[in-house]
Amino acid sequence: MSKACFDSLIHAHNRLQICALLHPVSELEFSVVKAQLEVSDSVLSKHVKALEQANYISVAKRASLSRPRTWLSLTELGETAYLGHVAALKEIVGL
Amino acid sequence: MNKDSNIGAEAARASLIAANGAKRQANLLLRPPVWLNVLISLLAALATTASAQASQSSFWTLIAIGAALSVIALALGWSHYLRVSGVKAKPLKGASKKTLTTVTLAFSSAFIVLLAIYLTKQGIWQSAYVAGAMIFLFSSFAFYKLPAGEWLTKDSGNE
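So the protein sequences, as listed, match chains A and B.
Our numbering numbers the first residue of the first sequence as 5 and each following residue consecutively.
Our numbering numbers the first residue of the second sequence as 79 and each following residue consecutively.
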């Protein structure tokens, strides 16, 4: 069980969804996250940069079939922060 | 970083619903399509039935090996397709809930197969088919409801 800790960086709607999308998987490609959130490249880039600067997600650029691809994954710190934030939200709701 | 919360219960509930919805979407990305689920489950059932009958003829042994290899090939193919599509599944790590679920499923399936082999050798030939049907249901249910090793809820609301 994670310690409840409200995190205002993660709480922003899109950033919370990015963390929630990345939590059950090892990595997701930038375009997959973009399609799931239905946001533009620039909006997603902005949120990804904010999370990356906080060391909550890691961004890896790798070429696959001669096509550059950007992979996003939740770091250990990010996972702890995300789970703590969800626990804090549950506490507020009273679950 | 500001770690203080000054949001109300309604806003927190909306955030939780959004987070659960996104988590569910990520889990759905890992779920194989129904046709593949049915195909893998049928082949797993065939491998089970054939394994139970294998001691009686080399024909069943061949079918068991062929079906088992096909299941492995399809699972690897699905994993490769996911990677090409931009989704990389999480590997099993430590004593997590996912690891526990996966290990429990694997041991339960192995137990069903071994029991079927034993009972068939005892002369209860129907057990091979019952075990095959059980593995089909078990496998299709697991692929449908536990694609990422976590129970997939129907709604995206309160989990």
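If you're looking for bench data, these hints aren't it; they were derived computationally from the structure.
One or more hints might be untrue.
No farther apart than 35 Å at their CA atoms in a straight line, the calculated lysine-lysine pairs in the DSBU-like style are these [said to hold, decoys possible]:
hint: 1; chain 1: B; residue 1: Lys175; chain 2: A; residue 2: Lys38
hint: 2; chain 1: A; residue 1: Lys50; chain 2: B; residue 2: Lys171
hint: 3; chain 1: B; residue 1: Lys171; chain 2: A; residue 2: Lys7
hint: 4; chain 1: A; residue 1: Lys7; chain 2: B; residue 2: Lys223
hint: 5; chain 1: A; residue 1: Lys53; chain 2: B; residue 2: Lys168
hint: 6; chain 1: B; residue 1: Lys199; chain 2: A; residue 2: Lys53
hint: 7; chain 1: A; residue 1: Lys94; chain 2: B; residue 2: Lys176
hint: 8; chain 1: A; residue 1: Lys50; chain 2: B; residue 2: Lys175
hint: 9; chain 1: B; residue 1: Lys176; chain 2: B; residue 2: Lys223
hint: 10; chain 1: B; residue 1: Lys223; chain 2: A; residue 2: Lys94
hint: 11; chain 1: A; residue 1: Lys50; chain 2: A; residue 2: Lys94
hint: 12; chain 1: B; residue 1: Lys176; chain 2: A; residue 2: Lys7
hint: 13; chain 1: A; residue 1: Lys50; chain 2: B; residue 2: Lys199
hint: 14; chain 1: B; residue 1: Lys171; chain 2: A; residue 2: Lys53
hint: 15; chain 1: A; residue 1: Lys65; chain 2: A; residue 2: Lys53
hint: 16; chain 1: A; residue 1: Lys38; chain 2: A; residue 2: Lys94
hint: 17; chain 1: A; residue 1: Lys7; chain 2: B; residue 2: Lys199
hint: 18; chain 1: A; residue 1: Lys38; chain 2: B; residue 2: Lys199
hint: 19; chain 1: B; residue 1: Lys176; chain 2: A; residue 2: Lys38
hint: 20; chain 1: A; residue 1: Lys53; chain 2: B; residue 2: Lys223
hint: 21; chain 1: B; residue 1: Lys168; chain 2: A; residue 2: Lys38
hint: 22; chain 1: A; residue 1: Lys7; chain 2: A; residue 2: Lys94
hint: 23; chain 1: A; residue 1: Lys65; chain 2: B; residue 2: Lys199
hint: 24; chain 1: B; residue 1: Lys166; chain 2: A; residue 2: Lys38
hint: 25; chain 1: A; residue 1: Lys38; chain 2: B; residue 2: Lys223
hint: 26; chain 1: B; residue 1: Lys171; chain 2: A; residue 2: Lys65
hint: 27; chain 1: A; residue 1: Lys94; chain 2: B; residue 2: Lys199
hint: 28; chain 1: B; residue 1: Lys166; chain 2: A; residue 2: Lys50
The hints, checked one at a time:
With a C-alpha separation of about 28 Å, the suggested pair Lys175(B) and Lys38(A) falls inside the 35 Å cut-off, and the hint holds. Under the criterion of a C-alpha separation no larger than 35 Å, the hint pairing Lys50(A) with Lys171(B) is consistent with the structure, at around 31 Å. With a CA separation close to 21 Å, the supplied pair Lys171(B) and Lys7(A) stays within the 35 Å bound. For the given pair, Lys7(A) sits about 28 Å from Lys223(B) by alpha-carbon distance, which is consistent with the 35 Å threshold.
Distance check on the hinted pair: Lys53(A) and Lys168(B) sit about 23 Å apart at the alpha-carbon level, within 35 Å; holds. A hinted pair counts as satisfied when its Cα atoms are at most 35 Å apart, and Lys199(B) with Lys53(A) does not qualify at roughly 62 Å. The suggested pairing of Lys94(A) with Lys176(B) holds, with an alpha-carbon distance near 22 Å, which does not exceed 35 Å. Straight-line distance between C-alpha atoms of Lys50(A) and Lys175(B) comes to about 33 Å, which keeps the hinted pair within the 35 Å bound.
Between Lys176(B) and Lys223(B), the direct Cα distance comes to roughly 13 Å. Compliance with the 35 Å bound is thereby established for this hinted pair. Distance restraint check for Lys223(B) and Lys94(A): the Cα-Cα separation of roughly 24 Å lies within the 35 Å cut-off, and the hinted pair is therefore satisfied. Distance hint between Lys50(A) and Lys94(A) is fulfilled; the C-alpha atoms sit about 27 Å from each other, no more than 35 Å. Under the criterion of a C-alpha separation no larger than 35 Å, the hint pairing Lys176(B) with Lys7(A) is consistent with the structure, at around 20 Å.
A C-alpha spacing of about 64 Å is found between Lys50(A) and Lys199(B), which places the hinted pair above 35 Å, so the restraint is violated. For the hint linking Lys171(B) to Lys53(A), the alpha-carbon distance of about 27 Å falls within 35 Å, and the restraint holds. Distance restraint check for Lys65(A) and Lys53(A): the Cα-Cα separation of roughly 14 Å lies within the 35 Å cut-off, and the hinted pair is therefore satisfied. Restraint check for Lys38(A) and Lys94(A): satisfied, since their Cα atoms lie roughly 27 Å apart, inside the 35 Å limit.
Under the criterion of a C-alpha separation no larger than 35 Å, the hint pairing Lys7(A) with Lys199(B) is inconsistent with the structure, at around 53 Å. Proposed proximity of Lys38(A) and Lys199(B) is contradicted: the alpha carbons are some 55 Å apart, above 35 Å. A hinted pair counts as satisfied when its Cα atoms are at most 35 Å apart, and Lys176(B) with Lys38(A) qualifies at roughly 26 Å. Taking the CA atoms of Lys53(A) and Lys223(B), the gap is near 34 Å; set against the 35 Å cutoff, the hint holds.
At most 35 Å may separate the alpha-carbon atoms for a hinted pair to count; Lys168(B) and Lys38(A) meet this at roughly 20 Å. The suggested pairing of Lys7(A) with Lys94(A) holds, with an alpha-carbon distance near 11 Å, which does not exceed 35 Å. Using a Cα cut-off of 35 Å, the hinted pair Lys65(A) and Lys199(B) is violated, with the two alpha carbons roughly 55 Å apart. Simply put, Lys166(B) and Lys38(A) have alpha-carbon atoms about 16 Å apart, close enough for the 35 Å limit, and the pair holds.
In summary, the hint linking Lys38(A) to Lys223(B) is supported, as the alpha carbons are separated by about 25 Å, within the 35 Å threshold. Pair hint Lys171(B) plus Lys65(A) holds up; C-alpha atoms about 24 Å apart against a cutoff of 35 Å. A threshold of 35 Å between alpha carbons decides the hint, and for Lys94(A) with Lys199(B) the separation of about 54 Å lies outside it, so the pair is violated. Our distance criterion of 35 Å between C-alpha atoms is met by Lys166(B) and Lys50(A), whose separation comes to about 23 Å.
Violation of the numbered hints given earlier is confined to hints 6, 13, 17, 18, 23, 27; the remaining hints are satisfied by the structure.
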